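With the hints as your guide, set chain B onto chain A.
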Amino acid sequence: AQSVTQLDSQVPVFEEAPVELRCNYSSSVSVYLFWYVQYPNQGLQLLLKYLSGSTLVKGINGFEAEFNKSQTSFHLRKPSVHISDTAEYFCAVRDTGFQKLVFGTGTRLLVSP
Amino acid sequence: DAGVIQSPRHEVTEMGQEVTLRCKPISGHNSLFWYRQTMMRGLELLIYFNNNVPIDDSGMPEDRFSAKMPNASFSTLKIQPSEPRDSAVYFCASSSEMGGYTFGSGTRLTVV
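These protein sequence lines map, in sequence, to chains A and B.
Just so you know, we're using my numbering here: the first sequence kicks off at 25 and counts up by one.
Just so you know, we're using my numbering here: the second sequence kicks off at -14 and counts up by one.
Okay, chain A solo, but in the shape it has when bound (with noise of 0.2 Å):
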């Protein structure tokens, strides 16, 4: 079975700084990986996903993540945070044979002035 960790719960960054949201998986077969964004009192919306070829892959609003085959990880990243970016962000897997998402417990990123 798939699990998903991530590692912090919280994430403060001033405005125009990078970030990296961390996103760890364990799965024995190929998957499929997503993050999502969920801002206050709305539902979960679809950042990114990587299903197959480049492992470099770009979503909306200036997010990329990578994915490391050898270290089972899909970090996001994003070169410069507004303060519109404070949300909480959830990292997802799902197996290739399988519709069932499996999320991650949520990183809050935090952006002040």
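Quick caveat, the hints were computed from the structure, so don't treat them as lab data.
Careful, some of the hints might be misleading.
Just some of the chain B residues that point at chain A, by a computed CB distance under 10 Å [unchecked claim]:
1) L28
2) L30
3) N37
4) I40
5) T87
For lysine-lysine, the following DSS-like pairs were computed, each having C-alpha atoms within a straight-line distance of at most 27 Å [stated by the list, open to error]:
6) K124(A) to K73(A)
7) K73(A) to K9(B)
8) K82(A) to K93(A)
9) K124(A) to K82(A)
10) K63(B) to K53(B)
11) K9(B) to K53(B)
12) K124(A) to K53(B)
13) K63(B) to K82(A)
14) K93(A) to K124(A)
15) K63(B) to K73(A)
16) K73(A) to K93(A)
17) K63(B) to K9(B)
Every value quoted in this text rests on a predicted model; they were computed, and no experiment measured them.
Backbone N, C-alpha and C define an ideal beta-carbon position, used for all residues, glycine too.
Quick look at chain B alone, frame taken from chain A:
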């Protein structure tokens, strides 16, 4: 595309009452998922359907919870009787064979 539509957005009910949450998935998506989100437990998968058939309901907390998907465009999650500990945000999501889920805006349930 209107996305995944959930209703109601907010529901306040008294303990012991029946609650029904509704979801309309994206047309063409063949899988539908019900999640519950709380501060204490995060996102929990309750049940999911593939081609209208329940595949995995191991996350349904107890017999008070039931879910149906009578056709490809509609699903319900029912709680009977409701209890204060059921208070949470309930999300519905749908997906196609590949890719991630599209989530609805959620139903915030408060049981008093």
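These are the hints, each one checked on the structure:
1. L28: 5 Å, holds
2. L30: Result: holds, 7 Å to nearest chain A Cβ.
3. N37: 13 Å, violated
4. I40: 8 Å, holds
5. T87: 7 Å, holds
6. K124(A) to K73(A): 15 Å, holds
7. K73(A) to K9(B): OK: K73(A) and K9(B) at ~24 Å, within 27 Å.
8. K82(A) to K93(A): Cα-Cα ~17 Å, so holds.
9. K124(A) to K82(A): Cα-Cα ~23 Å, so holds.
10. K63(B) to K53(B): The given pair, whose Cα atoms are some 9 Å apart, holds under the 27 Å limit.
11. K9(B) to K53(B): Holds, because 12 Å separates the two Cα atoms, which is no more than 27 Å.
12. K124(A) to K53(B): Within the cut-off at roughly 18 Å; holds.
13. K63(B) to K82(A): Status violated; Cα separation ~39 Å.
14. K93(A) to K124(A): 20 Å, holds
15. K63(B) to K73(A): Answer violated: K63(B) to K73(A) is near 32 Å, above 27 Å.
16. K73(A) to K93(A): Answer holds: K73(A) to K93(A) is near 15 Å, not above 27 Å.
17. K63(B) to K9(B): Measuring from Cα to Cα gives roughly 15 Å; hence the hint holds.
In this structure, the earlier hints numbered 3, 13 and 15 are contradicted, and the remaining ones agree with it.
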